[in-house]
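> Residue numbers (numbering that gives the first Met the number 0), protein chains in the order written: chain A, 0 to 104; chain B, 0 to 403; chain C, 0 to 101.
Certain hints may be false.
Stated by the list, open to error - Capping the alpha-carbon separation at 25 Å, the derived lysine-lysine pairs in PhoX-like fashion look like this: (1) A:Lys67 with B:Lys130; (2) B:Lys63 with A:Lys74; (3) B:Lys266 with B:Lys208; (4) A:Lys76 with B:Lys63; (5) A:Lys56 with C:Lys86; (6) B:Lys2 with A:Lys74; (7) A:Lys76 with B:Lys311; (8) A:Lys70 with B:Lys63; (9) C:Lys11 with C:Lys87; (10) B:Lys2 with B:Lys208; (11) B:Lys208 with A:Lys67.
FYI, nobody ran anything at the bench for these hints, they're computed from the structure.
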Amino acid sequence: MGRVSGLVMQLGENTQPHVTHILVGGPTLWERVHPALARLSIRLAKLWGPKRDEPVKIPWSRVITVGKDVKLDVKAKDTGALDWEIWVARHIIERIPGGGSEEEE
Amino acid sequence: MKKILQLTLGIITSVGGFLEIGSVTTSVQAGAQFGYKLLWPIFFGTICLVFLIEMSGRLAAVSKHTIVDAMRERFGFPFFFMVLVGITIVAFLVLIAELGGIGFALQILTGIGFPWWALPVSLAVWLLMWKGSFSLIENGASFLGLITISFVVAAIKLHPDWSGVASGLLPRMPQTDKARYGFLTVSILGATISPYLMYFYSSGAIEEKWDRSYIMMNRIIAGFGMFFGGFLAMAVLIAAALALQPRGIQVDTFPQAALLMTTALPKWGFYFFAFSMLFACFGAALEFSLAIAYFFAQGFGWSWSEDLEPSKDSRFAFVYTLIILLAAVPLMLHVDPVQVTMISMALTSATLPLAIVPFLFLMNDPIYLDKHRNGWLSNSIVMIVIVISFVLAIISIPLQLIGG
Amino acid sequence: MDVNVELLLGRKVVDVNGDKVGRIEELRAEEDGDRCRVEAYLVGTSALVERLSAWTLVRPIKRTLRSRHVYSVFEVPWQEMDLSDPKKPKLRVAKGDLRHAR
């Protein structure tokens, strides 16, 4: 459903920090290359594509295993990680003959 | 038994790699000017490629991840993005050249200029990716690509001096035209050791759902596939050496290259040449478009597969659609595909280290390969390729300017 | 306070006396049922290696460099790290009290 682009950690005053969320996609990815790219990606996302304010955050409680791949106990569609995929499917791909439909039969 | 049919993955990978317009152009020029003396870069490049392709397949079969998956996961997004930009730019140029090659083939068959063919050809390639499954593409392109065996027939019919051929397999500097010789050596090595073949092959292995049981078969497919292509490229060079060198013909234009076939096969040679280029460049166009789309999709974590209908992997489909249509544009504007070919080959060489160096790390990573990591031989080959790739990277652009 | 982990990676760390220690390279975490607790931070001392590994290409080589003592990595338990300002991580102990990572 995507790739881990970051992790959110909760810090306490004197409590042990813990990782609370996994981030998928979003400007966090571009941040690591160059902050200007992150700003650019935010601006482009405002212009077209699915309207998302926040990067996709998945609570750690939904993580089943972490190995070569991270397995989650959620439906990809419910997380918002596939918002872009669905947007491109609806607005571009399905308009071309033979593209099919992303709805399940 | 079914596994042996997977040979087609090896064939399409190598046909698209060895017989695309860049390789054919350089092989013909090499044969026409230097006879058999430039067989050794093809031979040497083929051997390197056999190892690199075997490793690409092994990585996919054992870890169920492609090279690009592993590169993103182990080296992080910033590195992946840098390689993505480099790879996309160069592969896009190659794609333009391949579409041009198809256009040239149609031009010599019909008399209609290649700019007119650019868009229809691009749409044809697109349609196959849009509607076709991976097996269809793989088997179809391989099967049609078999027509290139006519190059071997032509070479044999011209009665090569086999001892001359054998000595051509070892490197030896010529007395004259050293810069040109160097330039062609670099071009051939750069055209042969192409990282795109590795990306395509490892993606193909995943498309075909290879697992550890394919490890042995992967060696056979990689070896057979790459030698098939290398063999054909050598046949082109030999045919050019015999048909063109004695007459002192320097190949400047695409139609002239057809002479290498018509000399041996006067009646059908022309058609064999045209259709061979047509199908080989078509296969290469598919391979490169998909390689770019695979690179995006795998690195970003999108769904991807030729077996899915486009709406189920919409971002992947969008990338290959955009890229193949954009590639037609320069051709419609009369940009010369041969020039684009030369530039793209020099750039491929210049960016080769970017692809091979991380590959060395990946092939020794226990997380991905556990006990199937590289042995000393494979690692040595990769390190030799890395050294070559740095040498090529440094000298390819200057050489292109001097000897091109 | 919530913080993005990747913004911590690569940050310079000073000890309780203000002496430079190195940069945060990795976090060691333990899964505990539903939660993922951060146990320790790995702080590396070579700026050059750190700079290169900001691109994470060098990570596999680092292990070799470490075993040959070309550069060292400290393991800082979570209690000894003060992240009240995540942009300026500080240790609660002195550099000399730190333990080397294995």
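> Now tell me if each hint is right for this structure.
Evaluation of the provided hints:
| no. | hint | in the structure |
| --- | --- | --- |
| 1 | A:Lys67 with B:Lys130 | violated (32 Å) |
| 2 | B:Lys63 with A:Lys74 | holds (22 Å) |
| 3 | B:Lys266 with B:Lys208 | violated (44 Å) |
| 4 | A:Lys76 with B:Lys63 | holds (24 Å) |
| 5 | A:Lys56 with C:Lys86 | holds (22 Å) |
| 6 | B:Lys2 with A:Lys74 | violated (35 Å) |
| 7 | A:Lys76 with B:Lys311 | holds (12 Å) |
| 8 | A:Lys70 with B:Lys63 | holds (15 Å) |
| 9 | C:Lys11 with C:Lys87 | holds (7 Å) |
| 10 | B:Lys2 with B:Lys208 | holds (11 Å) |
| 11 | B:Lys208 with A:Lys67 | holds (17 Å) |
Violated hints, in rising order: 1, 3 and 6; the structure is consistent with all others.
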